[in-house]
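Make a model of the complete structure from these sequences and hints.
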Amino acid sequence: MAKRLIPSLNRILVEKIVPPSKTSAGILLPEKTTKLNSGKVVAVGPGLRCSNGNLIPISVKEGDTVLLPEYGGTEVKLGDKEYHLFRDDDILGTLHD
Amino acid sequence: MAKRLIPSLNRILVEKIVPPSKTSAGILLPEKTTKLNSGKVVAVGPGLRCSNGNLIPISVKEGDTVLLPEYGGTEVKLGDKEYHLFRDDDILGTLHD
Amino acid sequence: MAKRLIPSLNRILVEKIVPPSKTSAGILLPEKTTKLNSGKVVAVGPGLRCSNGNLIPISVKEGDTVLLPEYGGTEVKLGDKEYHLFRDDDILGTLHD
Amino acid sequence: MAKRLIPSLNRILVEKIVPPSKTSAGILLPEKTTKLNSGKVVAVGPGLRCSNGNLIPISVKEGDTVLLPEYGGTEVKLGDKEYHLFRDDDILGTLHD
Amino acid sequence: MAKRLIPSLNRILVEKIVPPSKTSAGILLPEKTTKLNSGKVVAVGPGLRCSNGNLIPISVKEGDTVLLPEYGGTEVKLGDKEYHLFRDDDILGTLHD
Amino acid sequence: MAKRLIPSLNRILVEKIVPPSKTSAGILLPEKTTKLNSGKVVAVGPGLRCSNGNLIPISVKEGDTVLLPEYGGTEVKLGDKEYHLFRDDDILGTLHD
Amino acid sequence: MAKRLIPSLNRILVEKIVPPSKTSAGILLPEKTTKLNSGKVVAVGPGLRCSNGNLIPISVKEGDTVLLPEYGGTEVKLGDKEYHLFRDDDILGTLHD
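Residue numbers (our numbering), protein chains in the order written: chain A, 26 to 122; chain B, 26 to 122; chain C, 26 to 122; chain D, 26 to 122; chain E, 26 to 122; chain F, 26 to 122; chain G, 26 to 122.
Worth flagging that the hints you see were computed from the coordinates, not collected in a lab.
Misleading hints may appear alongside valid ones.
[Claimed, not checked] Listed below are several chain A residues computed to face chain C (Cβ distance under 8 Å; list not exhaustive):
| id | residue |
| --- | --- |
| 1 | Arg-29 |
| 2 | Asn-77 |
| 3 | Leu-80 |
| 4 | Val-101 |
[What the hints assert, rightly or not] Derived DEER-like restraints, expressed as beta-carbon distance ranges:
| id | chain 1 | residue 1 | chain 2 | residue 2 | range |
| --- | --- | --- | --- | --- | --- |
| 5 | A | Gly-88 | E | Asp-122 | 43 to 53 Å |
| 6 | A | Lys-106 | B | Glu-107 | 23 to 33 Å |
| 7 | C | Pro-44 | E | Ile-42 | 29 to 39 Å |
| 8 | D | Glu-100 | B | Ile-31 | 28 to 38 Å |
| 9 | B | Lys-41 | D | Pro-44 | 33 to 43 Å |
| 10 | F | Gly-78 | D | Glu-100 | 30 to 40 Å |
| 11 | B | Lys-41 | G | Ser-76 | 30 to 40 Å |
| 12 | A | Gly-78 | E | Lys-106 | 36 to 46 Å |
As the structure is a prediction and not an experimental result, all values here were calculated from the model.
Think of the CB as a built atom: it goes at the ideal place given N, C-alpha and C, for glycine as much as any other residue.
Here is the structure:
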């Protein structure tokens, strides 16, 4: 059974979104259409505690679709699934339809 | 359909301005006339949250024409269009007619 | 007789969890199933004291199962057992069933 | 038509002073007489906003003649004219007759 | 006559514990049993004074048995005896029976 | 006509003291007698403005004789004279008869 | 006539103690007995002024015998005598009989 991970401090657990390489009708999509490096936020840490006792809250929340940097992040395997841990500051932004 | 990106923290989404290489009358412009590296601000993040709880606001706003550094910025493709993400501190200034 | 170690400042003493390479029925497990780098928190320091006199508390507690970074940590041998010391900030998260 | 640039944060727009290489009577000046690297401040940013909300004001103002460091600064071309952007902290001092 | 050293700021004077390589009955001990790098705290500094006037107190006290990092520390010879100076932050923890 | 320079922030304008290589009676002095690297403070900046709005005042004043570091400082030529700019923190101390 | 140096900020002027290489009875001392790198504090600066206006006082005083780091410090020659300047933080501790 897969374990559940609660990220520490200002870390964020992300499941990367693998873009479809075909349309539902089976037509192959050219690679450049599918290049956006995004993920779904699965869990967030409590935030970074500062020297003055304040907690800097995480800027994204569970369920957000986020734009990820091309490099970085720590690969984590929970059960069969592969996730990535990022620091809050490494998330480039949130994506909305 | 293109997604909309809300930049995180002190990031700024910029659409680079490609200067015309010809005049409207079709006359080719020499390269040096067209060298200014500028862009239009498409979206700005909420600002950087500091350890004392304050939010340092972004110094530019949507619609501003900004002068960009020659290097740096993260390329982002949303739909057919290409954008760049910069940190607020990397923007060199705003351009006005 | 093994000595007891109380970690200093924001350090955490962890006993790494060696995953079973066989099931209890003796069936060999493929390596990738067993790759999660985790440990049990054995002791935590008092936290880091800041210039303003505040103590930043440790974000994990004795008994927690934690996800560890692939590199880093200081090996410590107490009696027959091998432990690792990590800084609080190096712990990636806590694992829960 | 040349655009006007308002520098961001603690940046300063400077027009470098090209020293005359001849006297008005046409006598060539030896190079070492003309070596002072100075400029005229054309525009200044609003200052750097700190985490406590304060704005550190720029230490020079429009019209000041400033001594510039030998290296550094970002070249900017506005219309036909060439300018340089410096951080407030890079300005070595102000020159007075 | 040996001089007495009062460490400055957040420094700690430690006398390293050389583990017995034989039991009292004369039996040679294998090297790995004796590997723990520990020492006895001989003297501690007053602590680090911060910009706000506070003193961050030293986290260990005279007489403590401490776990030392494998590298680092400054060798000091007082009279016939050899000691090591460490910064408070370099001490890994305190050892207790 | 030589311009007057007011150093910016925590900078200090120094005229280096060239030690006599002969006594007034014409006797050559060995080089090591003349080695002290000192200067006369010609002008000081207003000090460094901090994020809390405070100004850290310059620790030396016009007319002080200062001990200079062997390396560093920025050469500045005003009229016929050569000066050096140093940061307040680079001045090693003040010399008194 | 030798000049007097008042160190700036958190600097300390030290006269190194050259240990006797013979006893008073003329017996040569082995080198390792004489290795302690110590000095006498000749003058101290006013301390480092922080951004909040506070002055961090120097932790040693004139006349103290101090333990010096093996490397570092700036050699200064005043009259015939050779001294060394150290930052307060570089002093390892004070020596007492």
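Results for each hint:
1. Annotation: interface hint on Arg-29/A holds; nearest CB of chain C at approximately 5 Å, less than 8 Å.
2. For the restraint placing Asn-77/A at the interface with chain C, the shortest Cβ-Cβ distance is roughly 6 Å, inside the 8 Å limit, so the hint holds.
3. Hint status for Leu-80/A relative to chain C: violated, with the closest Cβ pair at about 11 Å, above 8 Å.
4. A hinted interface residue such as Val-101/A counts as satisfied when its beta carbon comes closer than 8 Å to some beta carbon of chain C; here the least separation is about 7 Å, so the hint holds.
5. The beta-carbon spacing between Gly-88/A and Asp-122/E, approximately 51 Å, falls within the hinted interval of 43 to 53 Å.
6. Range check, Lys-106/A to Glu-107/B: about 32 Å between beta-carbon atoms, so the 23 to 33 Å window is met.
7. Taken as a hint, the range 29 to 39 Å holds for the pair Pro-44/C and Ile-42/E, whose Cβ atoms sit roughly 35 Å apart.
8. Taking 28 to 38 Å as the suggested C-beta distance range, the pair Glu-100/D and Ile-31/B conforms, at roughly 33 Å.
9. At about 37 Å, the CB distance of Lys-41/B to Pro-44/D agrees with the hint of 33 to 43 Å.
10. Checked against the hint of 30 to 40 Å, the C-beta distance between Gly-78/F and Glu-100/D comes to roughly 33 Å, which is consistent with it.
11. For the pair Lys-41/B and Ser-76/G, the supplied restraint of 30 to 40 Å holds, since their beta-carbon distance comes to about 39 Å.
12. Look at Gly-78/A against Lys-106/E: about 43 Å separates their beta carbons, and that is inside 36 to 46 Å.
Of the numbered hints given earlier, the model fails hint 3 alone.
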